[in-house]
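Protein chains in written order, with the working numbering: chain A, 3 to 113; chain B, 79 to 190.
Derived from the structure by calculation, the hints contain no laboratory data.
A portion of the hints provided could be inaccurate.
As the list claims (entries may be wrong) - Incomplete in silico selection of chain A near chain B, CB under 10 Å:
{"#": "1", "residue": "P10"}
{"#": "2", "residue": "L13"}
{"#": "3", "residue": "K44"}
{"#": "4", "residue": "F74"}
{"#": "5", "residue": "S85"}
{"#": "6", "residue": "L89"}
{"#": "7", "residue": "G98"}
{"#": "8", "residue": "F103"}
Claimed, not checked - For lysine-lysine, the following BS3-like pairs were computed, each having C-alpha atoms within a straight-line distance of at most 25 Å:
{"#": "9", "chain 1": "A", "residue 1": "K71", "chain 2": "B", "residue 2": "K119"}
{"#": "10", "chain 1": "B", "residue 1": "K114", "chain 2": "A", "residue 2": "K44"}
{"#": "11", "chain 1": "A", "residue 1": "K61", "chain 2": "A", "residue 2": "K44"}
{"#": "12", "chain 1": "A", "residue 1": "K81", "chain 2": "A", "residue 2": "K59"}
{"#": "13", "chain 1": "A", "residue 1": "K112", "chain 2": "A", "residue 2": "K65"}
{"#": "14", "chain 1": "A", "residue 1": "K71", "chain 2": "A", "residue 2": "K81"}
{"#": "15", "chain 1": "B", "residue 1": "K118", "chain 2": "A", "residue 2": "K44"}
{"#": "16", "chain 1": "B", "residue 1": "K96", "chain 2": "B", "residue 2": "K114"}
{"#": "17", "chain 1": "B", "residue 1": "K114", "chain 2": "B", "residue 2": "K97"}
{"#": "18", "chain 1": "A", "residue 1": "K71", "chain 2": "B", "residue 2": "K118"}
{"#": "19", "chain 1": "B", "residue 1": "K119", "chain 2": "A", "residue 2": "K44"}
{"#": "20", "chain 1": "A", "residue 1": "K112", "chain 2": "A", "residue 2": "K71"}
{"#": "21", "chain 1": "A", "residue 1": "K70", "chain 2": "A", "residue 2": "K59"}
{"#": "22", "chain 1": "A", "residue 1": "K61", "chain 2": "B", "residue 2": "K114"}
{"#": "23", "chain 1": "A", "residue 1": "K44", "chain 2": "A", "residue 2": "K70"}
{"#": "24", "chain 1": "A", "residue 1": "K44", "chain 2": "A", "residue 2": "K59"}
{"#": "25", "chain 1": "A", "residue 1": "K112", "chain 2": "B", "residue 2": "K118"}
{"#": "26", "chain 1": "A", "residue 1": "K112", "chain 2": "A", "residue 2": "K44"}
{"#": "27", "chain 1": "A", "residue 1": "K81", "chain 2": "A", "residue 2": "K65"}
{"#": "28", "chain 1": "B", "residue 1": "K119", "chain 2": "B", "residue 2": "K100"}
{"#": "29", "chain 1": "A", "residue 1": "K44", "chain 2": "B", "residue 2": "K100"}
In this text the structure is predicted, and so the values were computed from the model without any measurement.
All C-beta atoms, glycine included, are put in the ideal place defined by N, C-alpha and C.
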Amino acid sequence: EDQVTQSPEALRLQEGESSSLNCSYTVSGLRGLFWYRQDPGKGPEFLFTLYSAGEEKEKERLKATLTKKESFLHITAPKPEDSATYLCAVQASEAGNMLTFGGGTRLMVKP
Amino acid sequence: ETGVTQTPRHLVMGMTNKKSLKCEQHLGHNAMYWYKQSAKKPLELMFVYSLEERVENNSVPSRFSPECPNSSHLFLHLHTLQPEDSALYLCASSQDITYEQYFGPGTRLTVT
Chain A
3 EDQVTQSPEA LRLQEGESSS LNCSYTVSGL RGLFWYRQDP GKGPEFLFTL YSAGEEKEKE
63 RLKATLTKKE SFLHITAPKP EDSATYLCAV QASEAGNMLT FGGGTRLMVK P
Chain B
79 ETGVTQTPRH LVMGMTNKKS LKCEQHLGHN AMYWYKQSAK KPLELMFVYS LEERVENNSV
139 PSRFSPECPN SSHLFLHLHT LQPEDSALYL CASSQDITYE QYFGPGTRLT VT
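For reference, chain B alone in the conformation it holds in the complex (with noise of 0.2 Å):
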C-alpha cells in the first residue's frame, strides 16, 4: 500500500448505527487530518492531529468521535448521524502541519 488509504470506500448507515471510518498513511508524516465534502461547499475541516495529539477540533458535532492510536492511524467513530451528515469524509496526511498535505480516496458516507 502506497500513500493515503480510507475503508471503508462507501458506506450506508442508518441514524441509530455507531460505524468506524479507518484511514492509514504510508509516507511516514506526522499530522493527520479529516475534512468533510458536501456538494456544492468548500471542503471543511473537521479534526487535525499532530504527533497523535489533537491540536484543531473546528466546532464539529460529538456525534463524530476522532481517534489516533498512532502517527500513521486516524478513526473517525460515527453514532447517531443525521441525514445531512451524508457526504464525502476525506482523511489527509503532511509532514507537519505547516507542510503540503495528501488526501485519501475518501468514504463516501450515506445517512438513511
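Isolated chain A (complex conformation) (with noise of 0.2 Å):
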C-alpha cells in the first residue's frame, strides 16, 4: 500500500528564518509526487510537480527537491505570508495513477 508521511506536522518559524518541509513515501512505480499549498478554509493550491531523483523546481521562495525515498521543501526567508498548510502527494502507476497525500505541514512564520 502506497504511504506518504510528511514531517513535522507542525513548524513555527521567524520571519526569515529559512527551513526545510520532508515528505517521504512508500510506493510502487512513482509517476510523480506533486507539492500543494492550503490556506485555511480553501482548496489547495498546486506549487510543483516532482517525476524524478534529483529533480529540483523552485518558485520565488520555494524549492522542490526529490530522491528516492523522499522530497524536500525548502523555505528560504520565509514571510508571514508563506503561512499555511503545506501538502505533498504522489501518483503512482500501479495505483491507477490516483494521488495518495499527506497528512499535511502547518507552517506557521511570525514577524
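Using the hints, build the complex out of the two chains.
Next comes the structure, spelled out in C-alpha cells:
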C-alpha cells in the first residue's frame, strides 16, 4: 500500500528563518510527486510536480527537491504570508495514477 | 468565472435530508474528482471521472452518489448522512488523470 508521511506536523519559524519540510514516501512505480499549499478554509493550490530523483523546481522562496525515498520543500527567508499548510501527494502507475496525500505540515511564520 | 468553482460553500443538513453539491470547472479539463477532507486526516479520494466515465470509486458509502453529466460539471448527491460525514468536500479537475489537479474552494458540510 502506498504511504506518504510528512514531517514535522507543525513548524513555527521567525520571518527570515529558512527551513525545510519533509515528505517521505513508499510507493511502487512513482509517476510524480506533487506539492500543494492550502490556506485555511480554501482548497489546495498547486505548487510543483517532480518526476524523477534529482529533479528540483523553484518558485519565489520555495524550492522542491526529490530523491528516491523523499522530497523536501525548502523555504528560504520565509515571510508571514508563507504561513499555510503544505501538502505533498504521490502518484503511482500501480494505483491507477490516483494521488495519495500526506497529512500535511502546518507552517506558521511570525513577523 | 475561472478555475474550479463549488456551490454551496457552506451546508448544514439533518440526517434525513437530501442535498447536492455542485462543482464546475472552467479549465477545459477531462478529469474531475471528489475528495473528503476531515480534521487531522489526509485528503481522501472519493470518486474520479475521466471523460464523464467513472474510473474510481474508493469504497465510498452509497449515501454519497456522484453524477457527471458532462466534462465541466460534477455533482455529489447526499442522502441520509451521518454526523461523521461532516467535513470539507473538495472538487478538483485535471487535464487527464496523469496531470496535476486543480482544486475548488470546497463545501464545508455539517451534518446535525
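### 25 Å Cα cutoff - pair K70 (chain A), K59 (chain A)
holds, 16 Å
### Query
Within 25 Å, alpha carbon to alpha carbon, are K114 (chain B) and K97 (chain B)?
holds, 16 Å
### Query
For the pair supplied as a hint, K119 (chain B) and K44 (chain A), is the alpha-carbon distance within the 25 Å limit?
holds, 16 Å
### Query
Can K44 (chain A) be said to touch chain B, with a Cβ gap under 10 Å?
holds, 6 Å
### Task
Let me know if the C-beta of S85 (chain A) comes in closer than 10 Å to any C-beta of chain B, holds or violated.
Because about 18 Å separates S85 (chain A) from the closest Cβ in chain B, which is outside the 10 Å limit, the hint is violated.
### Query
For the hint on F74 (chain A), does the least C-beta distance to chain B fall short of 10 Å?
Hint on F74 (chain A): violated, closest Cβ of chain B at ~19 Å, above 10 Å.
### Satisfaction of hint between K59 (chain A) and K81 (chain A), Cα-Cα up to 25 Å
Holds - the C-alpha atoms of K59 (chain A) and K81 (chain A) are around 19 Å apart, at most 25 Å.
### Restraint outcome when P10 (chain A) is required to lie within 10 Å of chain B by C-beta distance
Interface hint status for P10 (chain A): violated (15 Å vs cutoff 10 Å).
### Message
Between the alpha carbons of K61 (chain A) and K44 (chain A), is the straight-line distance 25 Å or under?
### Response
Since the Cα atoms of K61 (chain A) and K44 (chain A) sit roughly 21 Å apart, the hinted pair holds (cutoff 25 Å).
### Query
Do the alpha carbons of K114 (chain B) and K44 (chain A) lie within 25 Å of each other, as the hint requires?
Distance ~13 Å between K114 (chain B) and K44 (chain A) Cα, so the pair holds.
### Task
For the pair supplied as a hint, K119 (chain B) and K100 (chain B), confirm whether the alpha-carbon distance does not exceed 25 Å.
holds, 23 Å
### Query
Can the restraint linking K112 (chain A) and K71 (chain A) be considered satisfied, given a maximum Cα separation of 25 Å?
violated, 31 Å
Hint compliance for this structure: hints 1, 2, 4, 5, 14, 20, 22, 23 are broken, all remaining hints hold.
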